[in-house]
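**Q** With these hints in hand, go ahead and build the complete structure from the sequences.
The opening residue of the sequence shown carries number 1 in full-length UniProt numbering; numbering runs sequentially from there.
In short, the hints are calculated from the structure, not lab data.
Treat each hint with caution, since some may be false.
To be verified - 20 Å max Cα-Cα, derived PhoX-like pairs, lysine-lysine: (1) K99 - K67; (2) K73 - K99; (3) K127 - K67; (4) K73 - K45; (5) K127 - K45; (6) K17 - K67; (7) K17 - K5; (8) K98 - K127; (9) K127 - K99; (10) K45 - K99; (11) K45 - K17.
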Amino acid sequence: MTPLKYLGGYPPALQQKVRQLVAEDQLGDYLQRRYPERHEIQSDKALYVYTHALKQTYLRNAPGIDKVMYDNKLDVIQRALGLHTAISRLHGGKLKAKKEIRIASVFREAAPEFLRMIVVHELAHLKETDHNKAFYQLCEHMQPDYHQLEFDLRMFLTWRDLSHA
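**A** This is the structure in structure tokens:
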């Protein structure tokens with residue numbers, strides 16, 4: 001049986017459908033048909049502009065973001081597709097908090113829908129720190145098909161692991 005480490009929380013029937021696609025060597029073709037394009041946001045500066053535009057559209061009153069970057073140290077296996085951090089530093093006797101968003105480098109070559117889903121997820125953490133009902137409602141507000149994209153992204157990561165094995 002094919003291990004599906006990214007899909008462990010999904011119902012067995014869905015996992016079985018993915019296993020069938022894997023067994024028939026069709027998972028990559030399925031994903032290519034659904035997501036044929038690759039985004040052009042390759043630099044950290046372009047990623048910052050993209051993220052800031054989404055924030056201004058949906059979360060205008062949320063705290064600002066100081067830094068957005070691709071991070072090749074983020075380990076997708078440890079379930080870190082992106083990371084939202086608030087770093088506090090002492091500047092001249094004052095404590096300043098800087099908010100950063102880091103996106104796993106693997107998403108440089110992903111479909112634009114996957115990049116947007118990851119950015120939306122990290123932006124939602126500006127308002128909701130926990131993965132609770134309000135958090136996912138906010139994600140759905142910013143990306144109406146958020147849950148389907150999250151599932152498809154997990155299939156993409158499964159396919160990527162199998163094709164690099």
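**Q** Now, for every hint given, state plainly whether the structure supports it.
**A** Comparing the hints with the structure gives:
Of the supplied pair hints, the one linking K99 and K67 holds, its CA atoms being roughly 7 Å apart against a limit of 20 Å. Proposed proximity of K73 and K99 is supported: the alpha carbons are some 18 Å apart, at most 20 Å. A C-alpha spacing of about 17 Å is found between K127 and K67, which places the hinted pair at or below 20 Å, so the restraint holds. Straight-line distance between C-alpha atoms of K73 and K45 comes to about 18 Å, which keeps the hinted pair within the 20 Å bound.
Restraint check: the Cα-Cα separation between K127 and K45 comes to about 23 Å, which exceeds 20 Å; the hinted pair is violated. For the given pair, K17 sits about 39 Å from K67 by alpha-carbon distance, which is inconsistent with the 20 Å threshold. Restraint check for K17 and K5: the C-alpha separation of about 15 Å stays at or below 20 Å, so the hint holds. The suggested pairing of K98 with K127 holds, with an alpha-carbon distance near 15 Å, which does not exceed 20 Å.
About 12 Å separates the Cα atoms of K127 and K99, which keeps this hinted pair within 20 Å; it holds. For the given pair, K45 sits about 16 Å from K99 by alpha-carbon distance, which is consistent with the 20 Å threshold. Taking the CA atoms of K45 and K17, the gap is about 39 Å. The hint is violated against a cut of 20 Å.
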